[in-house]
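Chain by chain, the residues run as shown.
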Amino acid sequence: MERIQLAEDLSFSRLIHGLWRLADWNYSNTDTLNLIEHALERGITTFDHADIYGSYTCETLFGHALKEKPSLRSQMELVTKCGIVLPSKQRPEHKTHHYNTTKAHILLSIENSLRNLQTDYIDLLLIHRPDPFMDPQETADAFVQLQKEGKVRHFGVSNFKDHQWRMLESYLPFPLVTNQLELSAYNLENFEDGTLNLCLEKQIPPMAWSPLAGGSIFSGTDEKAIRLRKTLEKTGREIGAEGMDEVLYAWLLRHPARIMPIIGSGKKDRIDAAIRALQWTLNHDQWFEILQSSMGHDVP
Amino acid sequence: MERIQLAEDLSFSRLIHGLWRLADWNYSNTDTLNLIEHALERGITTFDHADIYGSYTCETLFGHALKEKPSLRSQMELVTKCGIVLPSKQRPEHKTHHYNTTKAHILLSIENSLRNLQTDYIDLLLIHRPDPFMDPQETADAFVQLQKEGKVRHFGVSNFKDHQWRMLESYLPFPLVTNQLELSAYNLENFEDGTLNLCLEKQIPPMAWSPLAGGSIFSGTDEKAIRLRKTLEKTGREIGAEGMDEVLYAWLLRHPARIMPIIGSGKKDRIDAAIRALQWTLNHDQWFEILQSSMGHDVP
Amino acid sequence: MERIQLAEDLSFSRLIHGLWRLADWNYSNTDTLNLIEHALERGITTFDHADIYGSYTCETLFGHALKEKPSLRSQMELVTKCGIVLPSKQRPEHKTHHYNTTKAHILLSIENSLRNLQTDYIDLLLIHRPDPFMDPQETADAFVQLQKEGKVRHFGVSNFKDHQWRMLESYLPFPLVTNQLELSAYNLENFEDGTLNLCLEKQIPPMAWSPLAGGSIFSGTDEKAIRLRKTLEKTGREIGAEGMDEVLYAWLLRHPARIMPIIGSGKKDRIDAAIRALQWTLNHDQWFEILQSSMGHDVP
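Residue numbers (numbering that gives the first Met the number 0), protein chains in the order written: chain A, 0 to 299; chain B, 0 to 299; chain C, 0 to 299.
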């Protein structure tokens, strides 16, 4: 599978597997291990986590599976996130839902993630959400210390608008390597408001969360979903895709920003569908027909 | 007429003539040639085209006229645009309305424009619209090759917001020389959202399309048009202008960004009215009265 | 009181006193002098003016008081603003409400401010509002001349969005030292749209006008005011504050951008309340509870 270079010493698989809903799948350790190996065998080597996924449980479930076959660690890249504080049974000390990007919180969060994921290092740490209360010097100090200690190799952000990216980066002695964004044919905000353009300007490949728009396209009854479905089905027939999800992945993969879609499914056949999308190359007419179905009007 | 320097070796006349609607005027070659000479004699030496104007016919009509008197070419600057793909009788291979800013499309488009305009070189090529599917490296490669081949002297954009400008420029080995924007007392968007401020920051003089708001001010029945008309008439009486169009041009010309309005009319008297506007200098009260009529409220 | 460094040779008190409504207080010279000395004795050494405050009368009232005890001048920093032109009995030559940031207007305005404030120099001059008609070269020329003549020590802006800041600063031979913004728990616009983030990026401490939202929180009957009041009262009880105003100041003071709130009251007890706020350190839960009360929903 194509690799995307994020730094001199870090590359990701073009498709990434996301563990956001691992806790919902009710998988045994063996099931999870099978899923990981299924992905790895097909070249998907990058796995996306966050401390809070599954109310602070998904990292642990993944770590348990990884412990069964520790040799897999060196074949994969692990991404995790921190910065959101969530009230949860697992964290009784949390009172309100808020953000915390202080040095102390980031360091503590990484200790938890390393232990839960049963690993010595994180390949990429992301600040989960832009924090209106961020002290960028604190965040930068945490990043520098974590890198020095070998606990985290590289750093990025998620859901950051351009001013938030520029602000944080101005405090860092090294560049941020990615921005994980909501990017799909259904959700065009980051295509339109300059967020994706900053990635192109900085030559930073973005990760795409909810590349299938969380299913809203498949079952949605709103006009946008209905319009998009019709175009995706037409395009699918034209290129010979088996399902709409392939077309949605292909639409993102065709964009010049080198978008890395995150596959959020625990089903092997959905992972395989995403992999099939790598072979489709939409032409300009097809790409814009999908865009315009989503916008509900032609480009000007 | 005042000249505006866009690059060391490129200056435009302060007023530009636009051929957007040339195909609608039903002009003979002689009529068109007369219009061109009328403009040139009065110092308007810059002519604004796009491949798609008149559904891909305006460049050709202009070229036919220019062929009658090829010596005029060296007295004028030719601007054209590419990047929009329009379904048209003239381009039966075009299926959907979309954008294409790939190297192949830009190179092909310039070959067509050179042939249609009956010229060896374009003074300024603009990307017509920001393309959400742009691969900036492809666009940059096309620009570099066209400049090396002597087919296009300078490059700019049209309708680009700040993030789109910064993104494309970061891939170029030379600066973009202008942004052609919708700018008029009726349409303030680019005055307010940072687009014009980027021109000032980069010290790039913008071109203004629809400086008269496409006639909406003269005949519009919306409150904004009614308010503006009243103020324009009052200001016109104060300065001694013959018509509202003079005041609208004068309002743009007075702005410090060195805006170059594009006159879209094929009538000599409307061109002459624009030229008369060069003599009016609105004072601060007059400039803000017009602004505030358009906004519908005072500045804060 | 904590000092905030704005430049190598300029620091402000963390809390600033604002004279916006001085003309409304009907203070005698002695009253005003008393107020000034009350602030100075408590470490509030920075006083915020604008030419137009009190319809061009507040600077004069302050100057009259200062004349009673000229030795105070060297113990304080004087901020004033220019750029708004207001129709007023005091300025019969003004026809319409507009902006003027030309060199001539700025120089004239400073002559008036120096005379009215009975001082030889202004510590900080701010452009009061972003001027859509600004010629940044004129503004820069005025700044350079005023600094050379020793009439103004440093320069900044007020209410500037990021593109307005970047544009003006690109014309200046020295950095702008602050942006005076509307910042309060009730008015979050500048927290959200990148304006405050530019301050952090440029490491420029902002001044906050209307830190108490002009009273709308205390008496407002809109849902936002009601929600905020409830949270502010709860937080006040938790930290032991005497009133909501202390909590509002503490919320701003806790933000990492080193916000300098402007106290707009002429009452000594309200000044003392602001000073008490310096001792409170809201925790993350408290800071976000106030933010979320204002937004009306949780952070994502």
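It is worth saying that the hints were derived from the structure and are not from the lab. Mixed in with the good hints there might be a few duds.
Unchecked claim - Using C-beta positions, here's what the derived DEER-type ranges look like:
no.	chain 1	residue 1	chain 2	residue 2	range
1	A	K229	C	G214	33 to 41 Å
2	B	E148	A	K68	53 to 61 Å
3	A	L85	B	L187	54 to 62 Å
4	C	E237	A	V143	48 to 56 Å
To be verified - Straight-line alpha carbon distances no greater than 16 Å define the calculated EDC-like cross-link-like pairs of lysine to aspartate or glutamate that follow:
no.	chain 1	residue 1	chain 2	residue 2
5	A	K94	C	D297
6	B	K94	A	E168
7	C	K201	A	D268
8	A	K266	A	E36
All C-beta atoms in this analysis are idealised placements derived from N, C-alpha and C, irrespective of residue type, glycine included.
Okay, the hints, checked on the actual structure:
1. A/K229 - C/G214: 33 to 41 Å: Cβ of A/K229 to Cβ of C/G214: about 54 Å, so the range 33 to 41 Å is violated.
2. B/E148 - A/K68: 53 to 61 Å: holds (58 Å)
3. A/L85 - B/L187: 54 to 62 Å: Because 44 Å falls outside the window, the suggested range is violated.
4. C/E237 - A/V143: 48 to 56 Å: violated (34 Å)
5. A/K94 - C/D297: OK: A/K94 and C/D297 at ~13 Å, within 16 Å.
6. B/K94 - A/E168: Violated - the C-alpha atoms of A/E168 and B/K94 are around 43 Å apart, more than 16 Å.
7. C/K201 - A/D268: Not OK: C/K201 and A/D268 at ~49 Å, beyond 16 Å, violated.
8. A/K266 - A/E36: Distance ~13 Å between A/K266 and A/E36 Cα, so the pair holds.
Violated hints, in rising order: 1, 3, 4, 6 and 7; the structure is consistent with all others.
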